[in-house]
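Peer 1: For reference, the chains in residue letters:
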Amino acid sequence: MVENGAYFEPMDSGVTNELEARILAARDYVRVSDDLRPRVLETARSQWRDMRARGYIELAAVMALAASAVVAAFRSPSSPTSEPLSGKGRIADVRDSGHGSGPDRANWTLVDAFTELRRRQTETLRITRVSTRADDSADRDVFL
Amino acid sequence: MTDPGDFTHRVHQYAAQLAQGEVGALGLLFDLTARRLVRLAIAITRHQQDGEDAVQTVLIHLAAQPAHLARAVCPWAYLLRMVRNEALVALRRKQRWESPVNLSDLNTHCPVDELEREESHRAVWAALRCLPPEQAEVIVLKIWEGLTFAEIGKVLDTSPNTAASRYQYAIAKLGRRLLNHQREVPHG
Chain G
1 MVENGAYFEP MDSGVTNELE ARILAARDYV RVSDDLRPRV LETARSQWRD MRARGYIELA
61 AVMALAASAV VAAFRSPSSP TSEPLSGKGR IADVRDSGHG SGPDRANWTL VDAFTELRRR
121 QTETLRITRV STRADDSADR DVFL
Chain B
1001 MTDPGDFTHR VHQYAAQLAQ GEVGALGLLF DLTARRLVRL AIAITRHQQD GEDAVQTVLI
1061 HLAAQPAHLA RAVCPWAYLL RMVRNEALVA LRRKQRWESP VNLSDLNTHC PVDELEREES
1121 HRAVWAALRC LPPEQAEVIV LKIWEGLTFA EIGKVLDTSP NTAASRYQYA IAKLGRRLLN
1181 HQREVPHG
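Going down the list, the protein sequences come from chains G and B.
Numbering of the first sequence is given in the numbering used here, commencing with residue 1 and proceeding in unit increments.
Numbering of the second sequence is given in the numbering used here, commencing with residue 1001 and proceeding in unit increments.
By construction, these hints were calculated from the structure, which means they are not laboratory data.
Since we're looking at a predicted model, the values are computed, not measured.
Just so you know, not all the hints are guaranteed correct.
Unchecked claim - One side of the interface only, derived from the structure: several residues of chain B facing chain G at Cβ under 7 Å:
| # | residue |
| --- | --- |
| 1 | Leu1026 |
| 2 | Arg1035 |
| 3 | Glu1052 |
| 4 | Gln1056 |
| 5 | Trp1144 |
| 6 | Thr1148 |
| 7 | Gly1175 |
Claimed, not checked - Quick look at which bits of chain G chain B covers, simulated, 3 or more residues with Cβ under 8 Å:
| # | region |
| --- | --- |
| 8 | 16 to 28 |
| 9 | 45 to 54 |
| 10 | 115 to 125 |
C-beta atoms are modelled at their ideal positions from N, C-alpha and C, and glycine is treated no differently.
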């Protein structure tokens, strides 16, 4: 037999048996340190606690997610189970959102109101301007 | 020596209990296997602390995922293989290829009725530490664990012939070393 350049002669079976018996006898000479058992069990227990805590947190997160999904489904306007909005609230919502037939009407009402306001302001300004002109001509007549 | 069949059955039983969430099964599994696993790990890493760390890592991993061991066809071989792999990782990480000069780091114990053989035991362990890890592990599995070369091949993921060859080389080296030691200490 050759290994790493070294030659080994085959051993006599009697010698081999004796050697194996000697090795076998030394089996229990080295033993496990006293602190290994508590070290292993404590680390494992701590690991189990962490895993259990992580499991509870994950379960709570899943339940919270499911609860929020259920609540969102009940509050959705498209849901057939949702309550109809009250009249005042609906007008306010329509006005704020500017969608649908109601909101269109509300928007045009606002436009009408704004147009009316502008018209009144214009009228007021025209009257003021006319009166100012009249005053100016009167003054000119006085000085002349 | 424990009956191998009974031993394997108990490993399987504790692994199943562990998989069912029985916390106490880990302690039982430790009591049953730790001594043998540490022996293998020390033979590979050549250091008691590194060997015990490897065994600890494996057992804690099993505590987290016991189903792997419970599902194994041969849980004892699976456990040996896990410890062997972890010991090799520890060996590579620490880069301690040199063998220690003495056995001072080992936690040794010799019964009173074997005190006269203590020198012989020390010589065996010292000689084992001088072997390359792949030869030392075969010695442990063959002589101390009583596995066949086919079983050793499965644990080490090699052919039975390779396992047998390594064993022959290892036994020849140990023979030379131990015979020299016997000449130096005639009463040993």
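Peer 1: Each hint: holds or not?
Peer 2: Hint check results:
1. Given hint, leucine 1026 of chain B at the interface with chain G, holds; its Cβ is 6 Å from that chain's nearest Cβ, closer than 7 Å.
2. Residue-level restraint check for arginine 1035 of chain B holds (minimum Cβ-Cβ distance to chain G is 6 Å; threshold 7 Å).
3. Among the interface hints, the one on glutamate 1052 of chain B holds; its C-beta lies about 5 Å from the nearest C-beta in chain G, closer than the 7 Å criterion.
4. Hint on glutamine 1056 of chain B holds. Least Cβ distance to chain G is approximately 5 Å, under the 7 Å limit.
5. With its C-beta approaching chain G no nearer than about 5 Å, tryptophan 1144 of chain B sits inside the 7 Å limit, and its interface hint holds.
6. For threonine 1148 of chain B, the suggested interface contact is broken, since its CB lies about 14 Å from the closest CB of chain G, more than 7 Å.
7. A least Cβ separation of about 5 Å between glycine 1175 of chain B and chain G falls short of the 7 Å threshold, and the interface hint therefore holds.
8. Evaluation of the coverage hint for the region 16 to 28 of chain G: fulfilled, as 10 residues show C-beta separations to chain B shorter than 8 Å, against a requirement of three.
9. For the region 45 to 54 of chain G, the stated coverage by chain B holds: 4 residues have a C-beta nearer than 8 Å to a C-beta of that chain, and at least 3 were required.
10. Figure legend: the region 115 to 125 of chain G, annotated as covered by chain B; annotation inconsistent (0 residues with Cβ-Cβ distances under 8 Å, at least 3 required).
Violated hints, in rising order: 6, 10; the structure is consistent with all others.
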